[in-house]
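> Following the hints, complete the assembly by docking chain B onto the known chain A.
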Amino acid sequence: MGNKGVGASITRLEDDRFMRGRGQYVADIRLAGQREVAFVRSPIAHGRILAIEVPDELRGSVFTAADMAGVKPIRCVSSAPGFKPSDQPPLATGKVRQVGELVAMCLADTRAEAEDIAAQVNVEFEELPVVSDMLEGRKPGAPLLHEAWGDNIFFENSVDTGPSEIWRNAPIQVTRTFRTARQCMVPIEGRGVIAAWDSRLGQLVVHTAAQMPHIVRTGLAECLGLEQSRVRIIPPDIGGGFGYKGILLPEEICVGWLAMRLGRPVRWIEDRREHLTASANCREHHYRVTAFADSDGRILGLDAEATVDCGAYSSYPFSACLEGGQISSILPGPYDFRAYRCKTWSVATNKAPILPYRGVARTGVCFAMELMMDAVAREAGIEPYEARLRSLVRPEAMPFDNVTNKHFDSGDYPEALRRAAAAIGLTQIRERQRAGEKDGRRIGVGFSIFCEQSAHGTAVYASWGVPMIPGFEQATARVTPDGGLELRVGVHSHGQGLETTLAQVANEVLGIDPARVRVVFGDTAYTPYSTGTWGSRAMVMAGGAVTQACREIARRMMRIGAALLQTEEDKVRVEDGAVVHDGGRVGLAEIARAWYLRPQDLPPDADPRGLEATAGYKPARDSGTFSYAAHAALVAVDTEIGAVEILDYVVVEDGGVLVNPMIVDGQVYGGSAQGIGTALYEEMRFDGQGQPLASTLADYMLPGPTEVPDIRIFHMETPSPYTEFGVKGIGEGGAIGPPAAIANAVNDALGPLGVEITETPITPRRILAALAGANPAARKSGA
Amino acid sequence: MKAARFDYERPANLDAALALLGNEGAFAKVLAGGQSLGPMLNLRLVRPDLLVDVRRIPELTQAATHDGALILGAATTHAAIEDGRVPDATRGMMAAVASGIAYRPVRNRGTIGGSLAHADPAADWPTCLAALGAEALIAGARGQRAVPMREFLASAFETSLRADEILEAVRVPVLSARARWGFYKVCRKTGEFAQGIAAVVDDPERAGARVAVGATGSAPIIIEDAGALLRRPFDAGAAARLLRERGLGGDEIDMQIHVAALKRAILRLH
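Just so you know, the protein sequences line up as chains A and B, in that order. Quick note on our numbering: the first sequence kicks off at 1 and runs consecutively. Quick note on our numbering: the second sequence kicks off at 1 and runs consecutively.
Source of the hints: derived by calculation from the structure; they are not laboratory data. Watch out, some of these pointers could steer you wrong.
[To be verified] Listed next, with one range per pair, are the computed distances between beta-carbon atoms:
| hint | chain 1 | residue 1 | chain 2 | residue 2 | range |
| --- | --- | --- | --- | --- | --- |
| 1 | B | 15 | A | 59 | 46 to 54 Å |
| 2 | B | 25 | A | 56 | 54 to 62 Å |
| 3 | A | 20 | B | 225 | 55 to 63 Å |
[Stated by the list, open to error] Selected chain A positions facing chain B (Cβ under 10 Å, derived; list incomplete):
| hint | residue |
| --- | --- |
| 4 | 113 |
| 5 | 339 |
| 6 | 459 |
| 7 | 462 |
Since this is a predicted model, take the numbers as computed values, not measurements. Just so it is clear, CB atoms sit at the ideal spot from N, CA and C, and this is done for glycine as well.
The following block holds chain A by itself, in its conformation from the complex:
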């Protein structure tokens, strides 16, 4: 049959429908009699609602918090000490704390008519002072979002390895301040939900663009006060998620409630304006870091303070401490040093809640750490590449417990960096820089290297105590009567190609052709409970569970197959989707036919559990797999207009054993495009009144095909010792490395002019301002 199992770059099975435009997304669903919702949203960032005035003739079409009595607010609590929970009512009660917060829900036959109604609802506010910046929000005397707290701090945490000579004696000590912009996630498909009450089943059926359907079910049922068996979540095809679609939205609660109240289907489809201004915010960090190093550039210690701008509410299920909690534990990156202090503040501000976005916390952390490494190298007078080589965890030390007790499972970090330097052509670039560019631009090369904890499980999440703690992942494998295989999994695919890769895993175990494997997901009624697809976990966890379930199927096949072959169970094996024995072979179709249709052919001691098996899986250690990558960027900076062009981009990535290298490449390309967006383009700015300053994609700039270069990917494949087949989670890495690599490259280009960029995105304006600040002569117009 040729290899179609683990390691084969077979084309994606789901692409047939996607490439023909036959995918089915929430907005494609039409239920008989469905009506449309538009929301009245807060135009101000902070204020008390004094009155909501609805014209008399519209009263039956407008719903406010007063109508939704008994519905609980979203309350996502972490058990981490000192965490302060927030209540986020689905429709605002009393106060609004962000622009775009839901105030009323308007119902009509079409969205346009619902918006007409919304425009006629008049909300009277008493405006309150606004916290529009995390650093201001931290200060005593700042206006309070949640008055009962007494401050605006959701959560503080700190790590301290204790007294050390290093703090005083390290020959190199450099301090920098970094900032990463607030971003929006911008999957092609936004959120959307269509809810209907099924009176036969007594169930609220919710089609929603979700990447974690079972978690949505749990959260939604709790807020609506329903037994979970009365809620069914059906996410159809999902057009990108990136973390945003893991969040329980107030809109889902509102629309679910309204569908029950009306007894007919109701839908809300997020538009881009809502997406940008009200919801899908992420990434905003501030760092102040001091690095301590030996005179040869080897890093010895790190002392850091980090602040996360969390927005107004703690979102379900990851909570407002997700980023702050992780920063302190992952800031040390892939380096080996023993002196470490880090304090983080997760601060409430009058902005949309910060949500997990591909690379969660790691992108900002990598930016801070990798710019520090370049600063250390400059101080030591050596190549930044050398400073990293001297400081990385050595391959012979693997598995390695780092300064924050992260357990790096396997890999050769220095080799990844060496390969990246060779591929980008570091030596040749240095020569080229000496010669100068004909077009007058300045070129620079930058590196970043990071490791990425992925598929982290119970041990990690239990310590944060958020509502969702992943345990065993389950999968059901079911042989169909004609010898096909169904795999039922609780994860969902929002672009990862799981319909293909899970089929490849089944092929690896059973030899069944992936074309005969159907992955059944996207419906809580059909699938085992799962925390869903997030944290680069689906391949490790659901792949592992499918492996166990298929192995169980193999055992049961052998029992029936041996009987059909009239031999002993221990004399047969499974091969190419059949049970074989010296000279004999019985295919899965025959075995299935015997079990389902001709039980008279089965042996008297046949296994009554048949050809359907549910199995659970956790890796041998669930502290996470650590994939890692070295990124290298070559950029050209036009100092007249501040433009940055990426001339070359290299990724050397080790994701353990790759189930489908082609799909992994796709993940790296897509993630890197997002990382380039973080580096150079994407920024959701706010004014001092907490007004978001980008409300369309004309204002919120995304990289397009002309801004993303041909990324050159090189793979290393160091198996994880703890997972099935040695796979590691790989989904997010592409988005982690680029901001640091590109900033370091820009700084390499502009360093001789006295410029050091420490903020994302690296816009022309920031470059020109830095050039003007660094060199007074450049202030003159048209330098």
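Showing chain B alone in chain A's frame:
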């Protein structure tokens, strides 16, 4: 968001269109390619009672050279200009400028007249046509009037078009064989709104050198008799002083970008 309710008419000729626009008491907007108006409708930034779709009107789709000038119907798409489907009066300048407008799907629908009438300061055509010395040909109930770009482009999103008039065509003088042009646009990525635009047309057999600087936040700055600016080496300080005198706003960084665009347009004269 979705557009508020509006009526839609697609008149077959100019008179019918003018009659629809002349109907007092109803707020009518002219729709051509809809590449700016469409989003504005959806965002409810504009709420007309009536859209008058002018794409099928013959006068607005003409393209012919008369008396030393190209008359280009207002509903001519950017793509038609880019592809050379209309006569070239500008030694390739308009085709080159058209090819840099937004993205091809926008160029397939967007029109030169729509862009001018919308008068977005960051658009390409106002600056380009100002440098070319083009005129707007405006149809109204009382007949046609010709308005030079300097007068037509009043400010950001403001033209001298009256509510009951239609921009029918642009008249672009045919460049002589000795004419040179240069155009440069600074934008952060392909298809984005420009931060700086400069167009230079030097036709020794006509008006001499004319420079237009766009993306100013208002109407383009038009500099006639700009020969001094074209001298080498380019004097950035003098250029900045001149633009400041002509009312270019913004801070030093904005100025630096405008001056760089101007310098590059001049360096590209060919």
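> It remains to establish, for every hint, whether it holds in the given structure.
Results of checking the hints against the structure:
1. 15/B <-> 59/A: 46 to 54 Å: Holds, at about 48 Å.
2. 25/B <-> 56/A: 54 to 62 Å: About 28 Å separates the Cβ atoms of residue 25/B and residue 56/A, which means 54 to 62 Å is violated.
3. 20/A <-> 225/B: 55 to 63 Å: Holds - the Cβ-Cβ distance for residue 20/A and residue 225/B, about 60 Å, lies within 55 to 63 Å.
4. 113: Because about 8 Å separates residue 113/A from the closest Cβ in chain B, which is inside the 10 Å limit, the hint holds.
5. 339: 41 Å, violated
6. 459: Nearest chain B Cβ about 43 Å off; hint violated.
7. 462: Cβ of residue 462/A sits 43 Å from chain B, so the hint is violated.
Violated hints, in rising order: 2, 5, 6 and 7; the structure is consistent with all others.
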